[in-house]
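Please build the complete structure, drawing on both the sequences and the hints.
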Amino acid sequence: MLQSMLSKSSRWIRVSIFSLPIKSHALKFVEFLDKVAPTNRRESKQLVSHDPKNNSYNYKYTFSVEISPICREDLICLPPRLAVSLGNLGPLVICTKVTNNIALLDPLTLRQCFLDPDQYWRYSFKSLLGSRQLVEYDVFNVEVVSPEFNVGGSKYIMADVEVARVTGYGKLFYVRTHLGHILKPGDRALGYDLYGANNNDNELDKYQNLVIPEVILLKKSYEEKRQKKRGKPRPWKLKSLDMELDESKGRGYEEKMNTEYEEFLRDLEENPELRFNLSLYRNKDYQPSEMASMSDGDDVPSVPLEELLADLELSDKEDGDDSMKD
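Be aware that the sequence shown starts at 1, since it is given in UniProt numbering, and climbs by one per residue.
By construction, these hints were calculated from the structure, which means they are not laboratory data. From the three backbone atoms N, C-alpha and C, an ideal C-beta is built for every residue, glycine too. Hints may contain errors.
[Claimed, not checked] The calculated DSS-like cross-link candidates involving lysine-lysine, where the alpha carbons are at most 27 Å apart (straight line), are: (1) Lys225 to Lys237; (2) Lys35 to Lys53; (3) Lys155 to Lys256; (4) Lys184 to Lys155; (5) Lys184 to Lys206; (6) Lys284 to Lys239; (7) Lys126 to Lys256; (8) Lys171 to Lys225; (9) Lys97 to Lys249; (10) Lys284 to Lys35; (11) Lys225 to Lys97; (12) Lys219 to Lys232; (13) Lys28 to Lys97; (14) Lys225 to Lys284; (15) Lys28 to Lys239; (16) Lys284 to Lys97; (17) Lys35 to Lys45; (18) Lys239 to Lys249; (19) Lys45 to Lys28; (20) Lys219 to Lys97; (21) Lys184 to Lys97; (22) Lys171 to Lys184; (23) Lys220 to Lys256; (24) Lys53 to Lys28; (25) Lys237 to Lys35.
[Stated by the list, open to error] Pair by pair, the computed Cβ-Cβ distance ranges are: (26) Gly252 to Pro272: 30 to 36 Å; (27) Asn55 to Thr99: 42 to 48 Å; (28) Glu224 to Phe29: 28 to 34 Å; (29) Val30 to Leu238: 25 to 31 Å.
Printed below as a string of structure tokens:
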């Protein structure tokens with residue numbers, strides 16, 4: 001689960017200082033971070049004590065790991081030199097996946113590339129806009145302009161769409177998008193408003209005569225339809241370890257964590273790739289009668305029942321034998 005949440009985390013990930021008694025344990029933790037995110041590692045050692053009698057040395061080892069701030073769904077303006085080295089990609093691209101590599105997609109040409117940690121840290125760029133700055137749009141018209149393309153296992157169709165911000169129809173935007181396969185008139189979409197955004201990005205200023213689209217749509221929005229199901233249990237659940245909440249941070253912090261966790265669950269429903277290494281279990285609190293009531297014609301993404309595991313729990317019988325209960 002940590003790998004999936006790292007790819008969705010909002011800005012720089014600030015990791016607390018861990019004090020581990022065994023060096024090999026620290027190395028394993030650092031190696032784990034190297035596998036799930038682009039990292040820049042530095043290590044050092046400090047002499048703590050020295051015994052001249054048996055010529056033994058006691059060192060304190062320090063590992064400093066910097067994690068890339070790039071997150072999935074970020075809008076990025078590539079540095080000019082990097083864009084050229086990638087075959088004039090972009091320069092405005094969307095991050096579609098973050099592991100130890102960063103997957104980038106040009107939404108206007110459907111070209112994709114992957115950056116390894118060395119490539120990223122050579123330029124060390126940041127995102128132009130993040131998922132917290134997504135704006136909801138109403139879709140009025142969709143005109144497909146290309147056949148279906150398969151890019152990195154995902155299907156896309158280029159289309160010209162007419163949209164307007166949900167908060168006000170003062171201006172209509174005519175934009176090209178890669179979401180022609182899922183958008184239709186009457187839908188809502190989430191995108192980045194470059195028309196009204198105040199961007200002070202150094203990389204963007206380096207491009208001369210760059211035509212910036214007014215809107216870059218990122219994904220279809222299901223928020224309005226999810227409102228009907230708010231408060232109802234999902235047919236599936238995740239298992240997690242018990243955590244102690246820091247009461248000193250107040251109720252606002254707890255609500256923020258709950259909101260981010262809900263967004264993570266929605267990402268799992270919308271993106272099957274994120275569910276690849278996760279075990280999802282059937283929720284006993286989900287009633288079949290509710291399942292029938294959900295067939296109201298909406299197309300809100302959900303986890304297929306065949307992907308769910310039976311929720312088995314270990315318990316001890318009075319005679320000491322182990323048993324499993326559903």
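Hints versus structure:
no.: 1; hint: Lys225 to Lys237; verdict: 20 Å, holds
no.: 2; hint: Lys35 to Lys53; verdict: 42 Å, violated
no.: 3; hint: Lys155 to Lys256; verdict: 33 Å, violated
no.: 4; hint: Lys184 to Lys155; verdict: 16 Å, holds
no.: 5; hint: Lys184 to Lys206; verdict: 36 Å, violated
no.: 6; hint: Lys284 to Lys239; verdict: 13 Å, holds
no.: 7; hint: Lys126 to Lys256; verdict: 24 Å, holds
no.: 8; hint: Lys171 to Lys225; verdict: 25 Å, holds
no.: 9; hint: Lys97 to Lys249; verdict: 31 Å, violated
no.: 10; hint: Lys284 to Lys35; verdict: 34 Å, violated
no.: 11; hint: Lys225 to Lys97; verdict: 26 Å, holds
no.: 12; hint: Lys219 to Lys232; verdict: 24 Å, holds
no.: 13; hint: Lys28 to Lys97; verdict: 24 Å, holds
no.: 14; hint: Lys225 to Lys284; verdict: 24 Å, holds
no.: 15; hint: Lys28 to Lys239; verdict: 24 Å, holds
no.: 16; hint: Lys284 to Lys97; verdict: 32 Å, violated
no.: 17; hint: Lys35 to Lys45; verdict: 24 Å, holds
no.: 18; hint: Lys239 to Lys249; verdict: 25 Å, holds
no.: 19; hint: Lys45 to Lys28; verdict: 17 Å, holds
no.: 20; hint: Lys219 to Lys97; verdict: 14 Å, holds
no.: 21; hint: Lys184 to Lys97; verdict: 25 Å, holds
no.: 22; hint: Lys171 to Lys184; verdict: 19 Å, holds
no.: 23; hint: Lys220 to Lys256; verdict: 24 Å, holds
no.: 24; hint: Lys53 to Lys28; verdict: 33 Å, violated
no.: 25; hint: Lys237 to Lys35; verdict: 26 Å, holds
no.: 26; hint: Gly252 to Pro272: 30 to 36 Å; verdict: 33 Å, holds
no.: 27; hint: Asn55 to Thr99: 42 to 48 Å; verdict: 44 Å, holds
no.: 28; hint: Glu224 to Phe29: 28 to 34 Å; verdict: 42 Å, violated
no.: 29; hint: Val30 to Leu238: 25 to 31 Å; verdict: 26 Å, holds
Figure legend: structure checked against the earlier numbered hints; hints not met, in rising order: 2, 3, 5, 9, 10, 16, 24, 28.
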